[in-house]
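Residue numbers (the numbering used here): 1 to 343.
Just so you know, these hints were derived from the structure itself, not from any lab.
You may find that some hints are simply not true.
Stated by the list, open to error - Here are the simulated lysine-lysine pairs, DSS-like style, with alpha carbons at most 30 Å apart:
#1 Lys313 <-> Lys231
#2 Lys309 <-> Lys148
#3 Lys261 <-> Lys148
#4 Lys250 <-> Lys261
#5 Lys116 <-> Lys250
#6 Lys148 <-> Lys279
#7 Lys279 <-> Lys261
#8 Lys238 <-> Lys261
#9 Lys98 <-> Lys188
#10 Lys321 <-> Lys261
#11 Lys103 <-> Lys243
#12 Lys116 <-> Lys98
#13 Lys279 <-> Lys243
#14 Lys116 <-> Lys313
#15 Lys148 <-> Lys313
#16 Lys111 <-> Lys250
#17 Lys243 <-> Lys111
#18 Lys313 <-> Lys98
#19 Lys261 <-> Lys307
#20 Lys313 <-> Lys261
#21 Lys238 <-> Lys307
#22 Lys231 <-> Lys279
#23 Lys98 <-> Lys238
#24 Lys261 <-> Lys320
#25 Lys116 <-> Lys243
#26 Lys243 <-> Lys98
#27 Lys261 <-> Lys243
#28 Lys111 <-> Lys238
#29 Lys243 <-> Lys313
#30 Lys98 <-> Lys148
#31 Lys111 <-> Lys279
Said to hold, decoys possible - With beta-carbon atoms standing in for the labels, derived distance ranges:
#32 Asp108 <-> Ser300: 37 to 47 Å
#33 Asp260 <-> Glu235: 26 to 36 Å
#34 Gly292 <-> Val253: 42 to 52 Å
#35 Pro93 <-> Glu121: 24 to 34 Å
Glycine is no exception: its CB is placed at the ideal position from the N, C-alpha and C atoms.
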Amino acid sequence: PHLERLLINYSSKTSMAPFFLSRQALSVGLILQTTSAFQSQASFTTRSTAALTSPLIAAQPALTTANRNTTVRRMIGSILDLLSGGDGGMISPENALKGRPEKMAGIDGLKHYVLKNNLEEVPPGYEECVFGNGCFWGSEKAIWRLPKGIHSTAVGYCAGFTPNPTYNEACSSMTGHTEGVRVVYNPKEISYVDIMRMFWESHDPTQYMGQGNDRGTQYRSGIYYFNEDQKRLIEASKAAYEKQLGREIKTEVAAASDYDKYGGLWYFAEPYHQQYLAKPGSRPYCSAQPQGVSLAPFDSWCPEDLKEKYQPKLPESFWKKHGPVRGCSIVRFDNEPISENSY
1 PHLERLLINY
11 SSKTSMAPFF
21 LSRQALSVGL
31 ILQTTSAFQS
41 QASFTTRSTA
51 ALTSPLIAAQ
61 PALTTANRNT
71 TVRRMIGSIL
81 DLLSGGDGGM
91 ISPENALKGR
101 PEKMAGIDGL
111 KHYVLKNNLE
121 EVPPGYEECV
131 FGNGCFWGSE
141 KAIWRLPKGI
151 HSTAVGYCAG
161 FTPNPTYNEA
171 CSSMTGHTEG
181 VRVVYNPKEI
191 SYVDIMRMFW
201 ESHDPTQYMG
211 QGNDRGTQYR
221 SGIYYFNEDQ
231 KRLIEASKAA
241 YEKQLGREIK
251 TEVAAASDYD
261 KYGGLWYFAE
271 PYHQQYLAKP
281 GSRPYCSAQP
291 QGVSLAPFDS
301 WCPEDLKEKY
311 QPKLPESFWK
321 KHGPVRGCSI
331 VRFDNEPISE
341 NSY
């Protein structure tokens, strides 16, 4: 009954209740209820076989109301996307939710939980990077842990059509957004190429409309450029990495300016999502699927006229010691930035 009420509430927000409340949807949901985060708190302390094998169950026995609601909504969105075919066809701009003019509450003046800098500010000479590669919790952590040059990271909703969406709305696939990460960085200390390499290597860009257990347009792979240099670097590295993987990369590549007519590329997510994996009581969940394949050497794919300006600042010794490995691993690591003395 609890799951059915959640599905009814979820469906009413999407204007698609007749399909989503099918017997099939409820049946699959009830099956998952017995082995996933829909379990009661008490079941987490029993350490059952089902709990141990679920990707959403972690070692801590406690699960706060906020964490439970977030996990349940994430699972419902993925369940329903799978039931609708799994490819999560993009909603059209005219059919997207209308949104609101008010920005996300609680973001003004909010400091990064780990780095302590203001999330919104972009100091003079600093630049931005925006991408999405699955669940934004782990994607963000991979970047804030880089050893130097990162002023702030934030999670939010990008590349959609609904102004100022909420988490519930983005999870409905009715806004067109994907869960994303915004990086403010100092190009004198870290190259755009370093951040872009972490983007490619920390997920499976050949997966279409999803990553791992998270399925739907809100989990699609995408990277968005703010200038022509970024575009060329993305396209060149994408071609090289696709050849290395031996499969077509499905990553969406688009200009940030393409979304100006919808209010902008980027909207901050709720404060409780910001640096989520660093906070006490968080559920260490990550659905990303790194392939364990290192991007080809910079000089082999970078356009000749961009090589001097965008030389990587992180040496290969960093990537050998701290680069993503096959499977999801970011949740296991410390929250503090990696020490430069460690590689």
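Hints versus structure:
1. Lys313 <-> Lys231: Given that 30 Å is the threshold and the Cα spacing comes to 20 Å, the pair holds.
2. Lys309 <-> Lys148: Between Lys309 and Lys148 the Cα gap is close to 18 Å, so the pair holds against 30 Å.
3. Lys261 <-> Lys148: violated, 35 Å
4. Lys250 <-> Lys261: Holds, because 24 Å separates the two Cα atoms, which is no more than 30 Å.
5. Lys116 <-> Lys250: Status violated; Cα separation ~35 Å.
6. Lys148 <-> Lys279: With Cα atoms ~22 Å apart, Lys148 and Lys279 stay inside 30 Å; holds.
7. Lys279 <-> Lys261: Not OK: Lys279 and Lys261 at ~35 Å, beyond 30 Å, violated.
8. Lys238 <-> Lys261: Holds, at about 27 Å.
9. Lys98 <-> Lys188: Not OK: Lys98 and Lys188 at ~40 Å, beyond 30 Å, violated.
10. Lys321 <-> Lys261: Roughly 43 Å separates the two Cα atoms, so the pair is violated.
11. Lys103 <-> Lys243: violated, 41 Å
12. Lys116 <-> Lys98: violated, 34 Å
13. Lys279 <-> Lys243: violated, 38 Å
14. Lys116 <-> Lys313: holds, 23 Å
15. Lys148 <-> Lys313: Within the cut-off at roughly 9 Å; holds.
16. Lys111 <-> Lys250: Since the Cα atoms of Lys111 and Lys250 sit roughly 34 Å apart, the hinted pair is violated (cutoff 30 Å).
17. Lys243 <-> Lys111: Between Lys243 and Lys111 the Cα gap is close to 40 Å, so the pair fails against 30 Å, i.e. violated.
18. Lys313 <-> Lys98: It is violated: about 42 Å lies between the C-alpha atoms, which goes past 30 Å.
19. Lys261 <-> Lys307: Violated, at roughly 33 Å.
20. Lys313 <-> Lys261: Measuring from Cα to Cα gives roughly 35 Å; hence the hint is violated.
21. Lys238 <-> Lys307: holds, 16 Å
22. Lys231 <-> Lys279: violated, 34 Å
23. Lys98 <-> Lys238: Violated, at roughly 34 Å.
24. Lys261 <-> Lys320: Outside the cut-off at roughly 42 Å; violated.
25. Lys116 <-> Lys243: Distance of about 39 Å is beyond 30 Å: violated.
26. Lys243 <-> Lys98: The given pair, whose Cα atoms are some 40 Å apart, is violated under the 30 Å limit.
27. Lys261 <-> Lys243: Judged against 30 Å, a Cα distance of about 35 Å means the pair is violated.
28. Lys111 <-> Lys238: The hint is violated at about 33 Å.
29. Lys243 <-> Lys313: holds, 24 Å
30. Lys98 <-> Lys148: violated, 39 Å
31. Lys111 <-> Lys279: holds, 13 Å
32. Asp108 <-> Ser300: 37 to 47 Å: About 44 Å separates the Cβ atoms of Asp108 and Ser300, which means 37 to 47 Å holds.
33. Asp260 <-> Glu235: 26 to 36 Å: This hint is violated: roughly 21 Å between Cβ atoms.
34. Gly292 <-> Val253: 42 to 52 Å: violated, 23 Å
35. Pro93 <-> Glu121: 24 to 34 Å: holds, 30 Å
When each numbered hint is compared with the structure, violations occur for hints 3, 5, 7, 9, 10, 11, 12, 13, 16, 17, 18, 19, 20, 22, 23, 24, 25, 26, 27, 28, 30, 33, 34.
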